[in-house]
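*Asks:* Chain by chain, the residues run as shown.
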Amino acid sequence: AQKITQTQPGMFVQEKEAVTLDCTYDTSDPSYGLFWYKQPSSGEMIFLIYQGSYDQQNATEGRYSLNFQKARKSANLVISASQLGDSAMYFCAMREIYNFNKFYFGSGTKLNVKP
Amino acid sequence: DGGITQSPKYLFRKEGQNVTLSCEQNLNHDAMYWYRQDPGQGLRLIYYSQIVNDFQKGDIAEGYSVSREKKESFPLTVTSAQKNPTAFYLCASSIAAGRMNTEAFFGQGTRLTVV
Chain R
1 AQKITQTQPG MFVQEKEAVT LDCTYDTSDP SYGLFWYKQP SSGEMIFLIY
51 QGSYDQQNAT EGRYSLNFQK ARKSANLVIS ASQLGDSAMY FCAMREIYNF
101 NKFYFGSGTK LNVKP
Chain Z
1001 DGGITQSPKY LFRKEGQNVT LSCEQNLNHD AMYWYRQDPG QGLRLIYYSQ
1051 IVNDFQKGDI AEGYSVSREK KESFPLTVTS AQKNPTAFYL CASSIAAGRM
1101 NTEAFFGQGT RLTVV
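Chains as they are written, first to last, in my numbering: chain R, 1 to 115; chain Z, 1001 to 1115.
Hints were generated in silico from the structure; no laboratory data involved. Keep in mind that this is a model prediction, so the values were computed, not measured. Note that the Cβ used here is the ideal one computed from N, Cα and C, for glycine as well. Do not take every clue at face value.
Derived list of chain Z stretches under chain R, where covered just means 3 residues or more per stretch with a C-beta under 8 Å from a C-beta of chain R [unchecked claim]:
{"no.": "1", "segment": "1029-1041"}
{"no.": "2", "segment": "1045-1055"}
{"no.": "3", "segment": "1077-1085"}
{"no.": "4", "segment": "1103-1113"}
Quick list of in silico lysine-lysine cross-link-like pairs, DSBU-like style, CA-CA up to 35 Å [to be verified]:
{"no.": "5", "chain 1": "Z", "residue 1": "K1071", "chain 2": "R", "residue 2": "K3"}
{"no.": "6", "chain 1": "Z", "residue 1": "K1009", "chain 2": "R", "residue 2": "K3"}
{"no.": "7", "chain 1": "Z", "residue 1": "K1070", "chain 2": "Z", "residue 2": "K1014"}
{"no.": "8", "chain 1": "Z", "residue 1": "K1083", "chain 2": "R", "residue 2": "K3"}
{"no.": "9", "chain 1": "R", "residue 1": "K110", "chain 2": "Z", "residue 2": "K1057"}
{"no.": "10", "chain 1": "R", "residue 1": "K73", "chain 2": "R", "residue 2": "K110"}
{"no.": "11", "chain 1": "R", "residue 1": "K110", "chain 2": "Z", "residue 2": "K1083"}
Could you put together the complete structure from these sequences and hints?
*Replies:* Next comes the structure, spelled out in structure tokens:
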């Protein structure tokens, strides 16, 4: 089974609007961490935000927030007030406590921000 | 500044040749990783290493080899046995144990093309 599933290969959003990128995960470990990365066309991977499985509140970092629904095993990334520079690939990733040194990545979502 | 350096940025390989991609980090991380990314696709794990002189196969290790003789270095050799090596290769590092919220840090990537 896939550890991380991102079901939206591509998304469009109008500049200044909010957009949600979906991510579901599969684990039976009691503790795990969820990460979102941004990959611009240059190829570098930029870490955006982290959510721990025991965190009571949804993580936020500037315009990025994570909508964490533990019972549904989802960790969706919300980008508010989209900017043209947000156009990129976005990857959801997970690490598990019993396999600490493996990061599992989803297939990514290509976000295009329209002016 | 601490970080991960991959070289070269672009690499061209002839059919039947072995090539080695360099990855060096000065973050004092124990764990290092190699990922392969095909156009429009997610990251697939080739090899990872949790400590010097030890490494494990990832999901697509066939046709690749690695070494970890120094903590700072984790070179990847793409052998002639890899039938479709044209791809973007990303090296990453992370702490090997401890805080779950420590992300993987990535290099700038090497784009390998078979000519």
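*Asks:* Provide an ascending list of the numbers of those earlier hints which the structure does not satisfy.
*Replies:* 3
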